[in-house]
Amino acid sequence: MAEIVIENIRKEFGAFTAVQSSSFRIEDGEFFMLLGPSGCGKTTTLRMIAGLELPTSGQIYIDGEEVGRKPASQRDIAFVFQMFALYPHMNVRRNISYPLVSQGMPRALIREKVAEVARILGIEDILDRPVGGLSGGDRQRVALGRAIVRNPKCFLMDEPLGALDAEFRERMAEELRALHDRMGATTVYVTHDQLEAMQMGDKIVVMNHGVVEQFGVPQDLYDWPATMFVAQFLGSPPMNFLRFDGQFAPGSASITLGDAVIEVPPQREGAQGALALGVRPEHVRLDDSAALRGHVIAAEYLGTTQIVTLSTPQGEVKARIPASRLVRPGQTTGLAFDARTLTLFDVAGGRALRSAANERVLADG
Amino acid sequence: MSSYSITEPSRGMKWTAGLLVVAYALITLLPLLWIMATGFKSTNDAIAYPPKVFFEPTLEGYVNLFTIQNRASAEQLAENPATTWYDRIVQDKGMVISGPSRFGEMFMNSVIIGFGSTFLSVVLGTLAAYAFSRFRVPLKDDLMFFILSTRMMPPIAVAIPIFLMFRAVGLSDTHAGMILLYTAVNLSLAVWLLKGFIDEIPREYEEAALIDGYTRFQAFVKVVLPQAATGIASTAIFCLIFAWNEYAFAVLLTSGNAQTAPPFIPTIIGNTGRDWPAVAAGATIFLVPVMVFTILLRKHLLRGITFGAVRK
Numbered sequence: 001m002a003e004i005v006i007e008n009i010r011k012e013f014g015a016f017t018a019v020q021s022s023s024f025r026i027e028d029g030e031f032f033m034l035l036g037p038s039g040c041g042k043t044t045t046l047r048m049i050a051g052l053e054l055p056t057s058g059q060i061y062i063d064g065e066e067v068g069r070k071p072a073s074q075r076d077i078a079f080v081f082q083m084f085a086l087y088p089h090m091n092v093r094r095n096i097s098y099p100l101v102s103q104g105m106p107r108a109l110i111r112e113k114v115a116e117v118a119r120i121l122g123i124e125d126i127l128d129r130p131v132g133g134l135s136g137g138d139r140q141r142v143a144l145g146r147a148i149v150r151n152p153k154c155f156l157m158d159e160p161l162g163a164l165d166a167e168f169r170e171r172m173a174e175e176l177r178a179l180h181d182r183m184g185a186t187t188v189y190v191t192h193d194q195l196e197a198m199q200m201g202d203k204i205v206v207m208n209h210g211v212v213e214q215f216g217v218p219q220d221l222y223d224w225p226a227t228m229f230v231a232q233f234l235g236s237p238p239m240n241f242l243r244f245d246g247q248f249a250p251g252s253a254s255i256t257l258g259d260a261v262i263e264v265p266p267q268r269e270g271a272q273g274a275l276a277l278g279v280r281p282e283h284v285r286l287d288d289s290a291a292l293r294g295h296v297i298a299a300e301y302l303g304t305t306q307i308v309t310l311s312t313p314q315g316e317v318k319a320r321i322p323a324s325r326l327v328r329p330g331q332t333t334g335l336a337f338d339a340r341t342l343t344l345f346d347v348a349g350g351r352a353l354r355s356a357a358n359e360r361v362l363a364d365g
Numbered sequence: 001m002s003s004y005s006i007t008e009p010s011r012g013m014k015w016t017a018g019l020l021v022v023a024y025a026l027i028t029l030l031p032l033l034w035i036m037a038t039g040f041k042s043t044n045d046a047i048a049y050p051p052k053v054f055f056e057p058t059l060e061g062y063v064n065l066f067t068i069q070n071r072a073s074a075e076q077l078a079e080n081p082a083t084t085w086y087d088r089i090v091q092d093k094g095m096v097i098s099g100p101s102r103f104g105e106m107f108m109n110s111v112i113i114g115f116g117s118t119f120l121s122v123v124l125g126t127l128a129a130y131a132f133s134r135f136r137v138p139l140k141d142d143l144m145f146f147i148l149s150t151r152m153m154p155p156i157a158v159a160i161p162i163f164l165m166f167r168a169v170g171l172s173d174t175h176a177g178m179i180l181l182y183t184a185v186n187l188s189l190a191v192w193l194l195k196g197f198i199d200e201i202p203r204e205y206e207e208a209a210l211i212d213g214y215t216r217f218q219a220f221v222k223v224v225l226p227q228a229a230t231g232i233a234s235t236a237i238f239c240l241i242f243a244w245n246e247y248a249f250a251v252l253l254t255s256g257n258a259q260t261a262p263p264f265i266p267t268i269i270g271n272t273g274r275d276w277p278a279v280a281a282g283a284t285i286f287l288v289p290v291m292v293f294t295i296l297l298r299k300h301l302l303r304g305i306t307f308g309a310v311r312k
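Residue numbers (our numbering), protein chains in the order written: chain Z, 1 to 365; chain D, 1 to 312.
Please note that the accuracy of each hint is not assured.
[Said to hold, decoys possible] The list that follows gives simulated cross-link-like pairs (lysine to any residue, SDA-like), each with its CA atoms no further than 25 Å apart:
#1 K203/Z with R169/Z
#2 K52/D with A25/D
#3 K113/Z with K140/D
#4 K299/D with R129/Z
#5 K113/Z with A23/D
#6 K299/D with D199/D
#7 K153/Z with T227/Z
#8 K222/D with K203/Z
#9 K70/Z with Q59/Z
#10 K70/Z with F135/D
#11 K52/D with A23/D
#12 K299/D with H89/Z
#13 K222/D with G273/Z
#14 K153/Z with Y87/Z
#15 K70/Z with A219/D
#16 K222/D with R10/Z
#17 K140/D with R111/Z
#18 K222/D with S102/Z
#19 K299/D with W15/D
#20 K222/D with M198/Z
#21 K153/Z with E263/Z
#22 K299/D with L134/Z
#23 K222/D with A108/Z
#24 K203/Z with I148/Z
Keep in mind the hints are simulated off the structure, nothing from the lab.
All chains should be built: construct the whole structure from the sequences, respecting the hints.
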């Protein structure tokens, strides 16, 4: 197993830059998520780690060795494709044993290894079936089998659950995570699904337009986003932005929104101009006595909670509150926030301003 | 659950469709059947009017096809009594066999040139199509159009330059020359057909093989080729049919050594212009290899003809 270090990696396809100088480190044994919208460069980054694309510049280290220019076949990695890419002219057994055949391993040993992998994945009964007739979940297991049978330095997975039905996805996600915990293999996993990323990942890197937006553990990214993009990409509904023009000096612990004074974590840097106050829906309370007023537009009932949409002079705000609270469209109410959870953003640059609350996270990422 | 389906045709529809197909097959097969029947007719039956549908079969046509015969006097016939069935057929007409005809040779030429050029077209076509499909080839679209454009010109339009070039480099009337020529004509079709097939094979298969520790060439041979088998088979059929049937270049560029069957068969008719059974016998035998080849590859052919029509 191995640690993977990506340094200033860059990939251009003609005039299009898919990845612009990204750097991050994947620790040994980590389940690492590359998260972002389609076209953000996450798959290109993964393919460069695999050796299916050559970086335009930058270095990739697997286990301390620079592999950026090495062909895929010499990197000792396994790749699970979104469409599984099982060899259609071979049966399950031959698919799984194919990487071992290329190593010239003796037949008896191959048989033994394939049997072991089949047992781990619970696919012993389909070993002699052609891959054409298998269900999505079984194909996925075979693809995983082909990956783990070799005991590679790391696993690279490109949206491996993307082609599965919703119900299967949940189960395979659990299986994958359990498999990872059991084998302890470094895994790099590409997804555009933020829930999947937070559910499964030890660490997440969020990419957008070929740039790494933020990198860290899921909780940090969710609570203390470094950019407005991350704030909006993670969470459903995403973080609210209350936009305002204002200024404050380093050390100030409150801002003024219209008539309301809102307490925020002590700021480490001053700012002025177009700013935004970021607040997660679950940190919004409806409080009739609060100075910041909002007008209820809609309420969506979700069982234990409800999402209330309010319009305020600073823009629309969604609040996640207990379903038991009675809210009617048309009603006017006050909004209160938990001061410890707030983040201020500089709208022009789209980045979070440092405060006592998020400086630890921002220093890492 | 209802068993009603809007896609499943009714019994009546199936019967009608079946009858139409059989009728169409009969119409298209009738000339072939007539040629096969003519091959077993006597010379007189072959040109009888009204045409004879029922006749007494004879192998005279086939014997004439494969032998050279001379008229013989009564004494000569008496001196050489017929020992085989084909001697007897010939002697009944007052002739003797003086040797084998060149049909066998010409037929073999057709086999060598037809299959040789098909093999070359498919091998080169597959390699070129793979490169065009997978690699960033500079000016790819222009090159593909250039390859296609060679197909737009009727090959016979360049017959005279080719004739002169072949004479200059000594390729006239050689197997190598004809194989090269037919390969050149077929290659554009082969590249285009095969590129379509290879485009449909997801790259992930090869990438999986690359990651599994195989080289690009191994991935091509072990993963891409089996996937492209259908395309290769149907391309091979198209190439073979062209090379096998080609007449104009064969007449122009071959005379004895490398002459193929198509220019030879009409010459069988003989000085009297009456030996249709021998011509029909030649045509029948000539049909067999393409038929066998097509039947062997038929399951690929159907998918090949409709290729690209349905995305999987």
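Checked hints:
Using a Cα cut-off of 25 Å, the hinted pair K203/Z and R169/Z holds, with the two alpha carbons roughly 20 Å apart. Taken as a hint, the K52/D and A25/D pair is honoured in the structure, with Cα atoms around 22 Å apart against an allowance of 25 Å. Between the alpha carbons of K113/Z and K140/D the distance comes to roughly 44 Å, so the proposed pair goes past 25 Å and is violated. Distance check on the hinted pair: K299/D and R129/Z sit about 22 Å apart at the alpha-carbon level, within 25 Å; holds.
As the CA atoms of K113/Z and A23/D are separated by approximately 58 Å, the hinted pair breaks the 25 Å bound. Straight-line distance between C-alpha atoms of K299/D and D199/D comes to about 21 Å, which keeps the hinted pair within the 25 Å bound. Between K153/Z and T227/Z, the direct Cα distance comes to roughly 33 Å. Violation of the 25 Å bound is thereby established for this hinted pair. Our distance criterion of 25 Å between C-alpha atoms is broken by K222/D and K203/Z, whose separation comes to about 38 Å.
At most 25 Å may separate the alpha-carbon atoms for a hinted pair to count; K70/Z and Q59/Z meet this at roughly 11 Å. A distance of roughly 18 Å separates the Cα atoms of K70/Z and F135/D; the hinted pair therefore holds under the 25 Å criterion. Between K52/D and A23/D the alpha-carbon distance is near 22 Å, which keeps this suggested pair within the 25 Å criterion. With a CA separation close to 16 Å, the supplied pair K299/D and H89/Z stays within the 25 Å bound.
For the suggested pair K222/D and G273/Z, the alpha carbons sit about 62 Å apart, so the restraint of at most 25 Å is broken. Distance hint between K153/Z and Y87/Z is fulfilled; the C-alpha atoms sit about 23 Å from each other, no more than 25 Å. A distance of roughly 17 Å separates the Cα atoms of K70/Z and A219/D; the hinted pair therefore holds under the 25 Å criterion. Simply put, K222/D and R10/Z have alpha-carbon atoms about 33 Å apart, too far for the 25 Å limit, and the pair is violated.
The straight-line distance between the Cα atoms of K140/D and R111/Z is roughly 45 Å, outside the 25 Å bound, and the hint therefore fails. Using a Cα cut-off of 25 Å, the hinted pair K222/D and S102/Z holds, with the two alpha carbons roughly 11 Å apart. Under the criterion of a C-alpha separation no larger than 25 Å, the hint pairing K299/D with W15/D is consistent with the structure, at around 23 Å. With a C-alpha separation of about 39 Å, the suggested pairing of K222/D with M198/Z is violated against the 25 Å cut-off.
For the hint linking K153/Z to E263/Z, the alpha-carbon distance of about 49 Å lies beyond 25 Å, and the restraint is violated. The hinted pair formed by K299/D and L134/Z meets the criterion: a straight-line CA distance of about 24 Å does not exceed 25 Å. Proposed proximity of K222/D and A108/Z is supported: the alpha carbons are some 22 Å apart, at most 25 Å. Simply put, K203/Z and I148/Z have alpha-carbon atoms about 21 Å apart, close enough for the 25 Å limit, and the pair holds.
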